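Protein chains: 4
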Amino acid sequence: MIKTLADLTLSLRRFAAERDWEQFHSPKNLTMALSVEVAELMEHFQWLTEEQSTGLPPEKLPAVREEVADVLIYLVRLADRLEVDLVAVAERKMEINAERFPLREADQ
Amino acid sequence: MIKTLADLTLSLRRFAAERDWEQFHSPKNLTMALSVEVAELMEHFQWLTEEQSTGLPPEKLPAVREEVADVLIYLVRLADRLEVDLVAVAERKMEINAERFPLREADQ
Amino acid sequence: MIKTLADLTLSLRRFAAERDWEQFHSPKNLTMALSVEVAELMEHFQWLTEEQSTGLPPEKLPAVREEVADVLIYLVRLADRLEVDLVAVAERKMEINAERFPLREADQ
Amino acid sequence: MIKTLADLTLSLRRFAAERDWEQFHSPKNLTMALSVEVAELMEHFQWLTEEQSTGLPPEKLPAVREEVADVLIYLVRLADRLEVDLVAVAERKMEINAERFPLREADQ
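Residue numbers (our numbering), protein chains in the order written: chain S, 1 to 108; chain C, 1 to 108; chain X, 1 to 108; chain A, 1 to 108.
Mixed in with the good hints there might be a few duds.
It does not matter which identical chain is meant; a pair holds if it fits inside one copy or across any two.
[Claimed, not checked] Simulated crosslink set (SDA-like; lysine to any residue; CA at most 20 Å straight-line):
id	residue 1	residue 2
1	93	61
2	93	1
3	60	17
4	93	40
5	93	11
6	60	21
7	60	47
8	93	80
9	60	49
10	3	66
11	3	47
12	60	82
13	3	96
It should be emphasised that the hints constitute simulated quantities derived from the structure, not laboratory data. Predicted, not measured: the structure shown is a model, and the values here were computed from it.
Taking the hints into account, I'd like the entire structure generated from these sequences.
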């Protein structure tokens with residue numbers, strides 16, 4: 001059962017090892033694969049209006065979900081190879097963003 | 001404290017709402033932003049050999065970690081707008097991949 | 001006959017007009033399509049070594065050429081919508097690059 | 001003077017040779033660089049509406065033109081390394097597209 005990013009990391013690590021794919025999984029190659037998966041996801045939206053992209057017809061959802069999954073899979077695999085803790089770096093980046101885009105008084 | 005993808009999802013949702021950014025966060029736009037962040041990450045690796053990409057010098061790591069964080073942030077934000085459970089779709093995709101790339105007997 | 005970028009620009013303009021596709025060809029959408037085509041091209045190289053990418057087997061070439069064509073087609077279409085003269089901006093950028101990356105004496 | 005794609009091809013070839021950059025210019029690496037440049041171009045449009053992307057404010061145009069130039073530069077360099085004649089493959093692809101998307105009688 002995969003319930004967390006840690007589970008997914010271990011599952012992907014084992015999947016690659018069992019197939020002798022580690023030789024292909026350099027950070028360089030994994031960023032290429034990640035970029036390709038993002039493009040496959042983006043392709044679903046390129047000719048839609050923003051409004052259409054917000055209310056996809058139900059028959060489109062399975063394919064979109066599968067592309068989202070592929071993006072996460074390569075991102076988690078890349079983070080593992082780079083020894084990056086995904087949630088920790090995102091938490092740190094959120095702190096940077098909070099300083100970079102402070103709330104104006106009117107927003108508070 | 002952000003400890004899980006669920007925490008990150010809620011934190012990003014609040015961050016966008018407080019700044020009135022929801023109007024910009026259509027799935028169409030978020031896939032573009034996701035693609036741009038992946039490119040900023042990939043840029044670190046484009047002229048490196050695969051071997052160099054595997055052993056980045058320590059002074060490069062903070063910038064790479066920050067780009068990885070940006071990718072996760074836009075992916076989580078997009079998944080929230082699409083109402084996709086990231087870990088659940090990745091688990092399902094791993095099942096599909098296991099069928100698509102079965103282990104040969106020699107690997108077992 | 002398409003012999004120049006100017007020919008290709010006009011041919012693409014007519015192709016889109018005849019199919020009533022101009023409504024989809026905003027610069028925003030065309031950059032998405034351009035990015036998707038580049039990814040389809042990059043996909044051919046993602047698991048290859050650099051050396052393998054330099055000496056593609058002949059049977060791979062037709063597909064690679066077709067992806068290269070798609071990239072040029074969307075780039076030309078985008079430049080037309082932005083009213084950018086492709087060769088002129090590239091010439092100007094080459095001047096900038098010559099200043100940015102001057103030849104060292106040892107290279108001359 | 002750079003007046004044609006052939007001029008640009010030769011100019012880029014010489015520029016790379018003079019700087020000993022050919023070692024970096026594998027097709028694999030050049031597709032990555034191309035993808036990064038497309039993303040830098042796309043970044044200008046990601047939060048704009050389609051309508052805004054069609055009528056960019058004049059002060060934005062120089063930066064957009066420079067990104068368009070960078071995309072063409074890497075595409076031409078890649079085509080040279082792959083020994084692909086850009087206009088010829090685009091002409092061939094236009095023939096394929098004409099068969100794939102025939103005009104309906106109502107359009108003629």
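So, going through the hints one by one against the coordinates:
1. 93 x 61: Answer is between: at 14 Å across copies they meet the 20 Å cutoff, but 30 Å inside does not.
2. 93 x 1: between (29 Å within a copy, 13 Å between copies)
3. 60 x 17: neither (33 Å within a copy, 27 Å between copies)
4. 93 x 40: Between copies only: 15 Å across chains, 26 Å inside a chain, cut-off 20 Å.
5. 93 x 11: Between copies only: 12 Å across chains, 26 Å inside a chain, cut-off 20 Å.
6. 60 x 21: neither (31 Å within a copy, 22 Å between copies)
7. 60 x 47: Cα proximity of residue 60 and residue 47: one copy only (14 Å, versus 24 Å across).
8. 93 x 80: For residue 93 and residue 80, the Cα distance is within 20 Å both inside one copy (18 Å) and across copies (18 Å).
9. 60 x 49: within (15 Å within a copy, 23 Å between copies)
10. 3 x 66: For residue 3 and residue 66, the Cα distance is within 20 Å only inside one copy (17 Å; across copies 25 Å).
11. 3 x 47: neither (34 Å within a copy, 29 Å between copies)
12. 60 x 82: Between. Shortest inter-copy distance 12 Å satisfies the 20 Å Cα cut-off; intra-copy 34 Å does not.
13. 3 x 96: between (28 Å within a copy, 17 Å between copies)
The structure fails to meet hints 3, 6 and 11 from the earlier list, while all remaining hints are met.
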